[in-house]
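2 protein chains.
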Amino acid sequence: MEQYPSQLLADAVDAISSLPGVGRRSALRLALHLLKQPAEHVHHFTDSVARLRDEVRYCRICRMIADGDVCSICADRSRDARTVCVVESVRDVMSIENTGQYHGVYHVLGGIISPISGVGPSDLTIKDLVERVRALEDPASAEVILALPGDVEGETTAFYIYRQIAPSGIRVTALARGLGFGDDLEYADELTLGRSITGRVAFKP
Amino acid sequence: MEQYPSQLLADAVDAISSLPGVGRRSALRLALHLLKQPAEHVHHFTDSVARLRDEVRYCRICRMIADGDVCSICADRSRDARTVCVVESVRDVMSIENTGQYHGVYHVLGGIISPISGVGPSDLTIKDLVERVRALEDPASAEVILALPGDVEGETTAFYIYRQIAPSGIRVTALARGLGFGDDLEYADELTLGRSITGRVAFKP
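Protein chains in written order, with my numbering: chain A, 1 to 205; chain B, 1 to 205.
If you are wondering where the hints come from, they were derived from the structure by calculation, not from laboratory data. Each hint should be verified, as a subset may be incorrect.
[Claimed, not checked] Ranges between beta-carbon positions, derived for each pair: (1) N98(B) / T156(A): 56 to 62 Å; (2) L191(B) / L193(A): 48 to 54 Å; (3) D183(A) / P121(B): 54 to 60 Å; (4) K36(A) / L175(B): 21 to 27 Å; (5) D69(A) / S117(B): 45 to 51 Å; (6) R51(B) / G100(A): 41 to 47 Å; (7) R51(B) / V70(A): 35 to 41 Å; (8) R195(B) / Q7(A): 35 to 41 Å; (9) E186(A) / S117(B): 45 to 51 Å; (10) Q37(B) / E186(A): 41 to 47 Å; (11) N98(B) / D189(A): 42 to 48 Å; (12) G23(B) / T156(A): 30 to 36 Å.
[Claimed, not checked] A partial selection of chain A residues facing chain B, derived with a Cβ cut-off under 8 Å: (13) H43; (14) A50; (15) A66; (16) I96.
Every residue, glycine too, gets a C-beta built ideally from N, C-alpha and C.
Next up, chain A with everything else stripped away, as it sits in the complex (with noise of 0.2 Å):
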């Protein structure tokens, strides 16, 4: 255990490396970087990240970070209303976003049901999605879009979803798993390239 000159610097590297891959060494570094800093600087990144926290919203639609009551993406009239795309996080609304591939909205969960780390269905926003789907006009229409992990967890939660949605006649897609663009067979893992054989799509040329 490494000793601090001062109680100040031991407390603000015990902060710094309670973030996540933030070691110790790390936190010790930043540290004495912001030391360094003009304080006008040390206190605009200390407000950024506790106005963040104290003032962020969440749309009332999608549970998307948002500047307002509902996010850009709900508010916007071009986007398909009638296509929801289920995701994990933010984070994912994000990623999807950026292949600029996709039209509809989305309804964030806030997590994954994992019985190990005691989330449950409750704790998403499951319920809100579900409300939110049934009051779609015309659902064979409509369509539910399972864009969730690929593992365990997002499979039973995908499932959760499923029961409790397709009663309504929508139209409930997953994302497409396979081979990724320009991969090799010879290095794909076996499941990945099993799921690519029996997830086989018509050859378009």
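Here the structure of chain A is known, so what remains is to put chain B in place on it, guided by the hints.
Same frame as chain A, now just chain B:
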């Protein structure tokens, strides 16, 4: 350039990514992590960082970070106050203290002479060092250890300090440089190996 769903998030990512070694992706990950923490946890984090910057004190003798007017090392009567180890930064003091091999005191320069970065002698605590050393009684039995970086700027700084201190008759030493403990000759760089040869020491069986 990634789009952020809220200005608060964009501001926090900007602030976090201004830290050295933290890219925008890591900053986003940290911001979203902080969003999920209890507000008290986030406030504890930001308060610890702001307090470090606002309330930090430096030892009036050696310029080390301190909780009070004098640091715990300078205040320790069991340490040899006639052996002064000159270092670039607070971090170096911590590194040397961790070896448990040094029982003298320190002097923190707060940087290194670097014309390229616009750092001159007057930006550092060299004047304080010279006054402190000149005030030592019986200079012939005192020692100043120059524990500075082995690069050009470090050597420039060492030489500058040496010229100021040497006239007072104090012994000036520098860190031994050579192969690291357990290093193979085969893998050492030429500069290090060259110094190890020219600076060879008496063999002590």
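Quick rundown of the hints versus the structure:
At about 48 Å, the CB distance of N98(B) to T156(A) disagrees with the hint of 56 to 62 Å. For L191(B) and L193(A), the Cβ-Cβ distance of about 50 Å falls inside the hinted range of 48 to 54 Å, so the restraint holds. The hinted window of 54 to 60 Å between D183(A) and P121(B) holds, with their beta carbons roughly 58 Å apart. Take K36(A) and L175(B): their Cβ atoms lie about 24 Å apart, and the range 21 to 27 Å holds.
In this structure the hint that D69(A) and S117(B) lie 45 to 51 Å apart at CB holds, the actual value being about 49 Å. Checked against the given bound of 41 to 47 Å, the beta carbons of R51(B) and G100(A), roughly 44 Å apart, stay inside it. The given range of 35 to 41 Å is respected by R51(B) and V70(A), whose C-beta atoms sit roughly 38 Å from each other. For R195(B) and Q7(A), the Cβ-Cβ distance of about 40 Å falls inside the hinted range of 35 to 41 Å, so the restraint holds.
Separated by about 50 Å at the C-beta atoms, E186(A) and S117(B) satisfy the suggested range of 45 to 51 Å. A C-beta distance of roughly 43 Å is found between Q37(B) and E186(A), which places it inside the suggested range of 41 to 47 Å. Hint check: N98(B) to D189(A), Cβ distance near 43 Å, so the stated range 42 to 48 Å holds. In this structure the supplied range 30 to 36 Å holds for G23(B) paired with T156(A), their Cβ-Cβ distance being about 33 Å.
Taken as an interface hint, H43(A) checks out: its beta carbon lies about 6 Å from the nearest beta carbon of chain B, inside 8 Å. Evaluation of the A50(A) hint against chain B yields a held restraint, the C-beta minimum of about 5 Å falling below 8 Å. For A66(A), the interface hint holds, the least distance from its beta-carbon to any beta-carbon of chain B being 6 Å, beneath 8 Å. With a least beta-carbon distance of about 12 Å to chain B, the hint placing I96(A) at the interface is violated under the 8 Å criterion.
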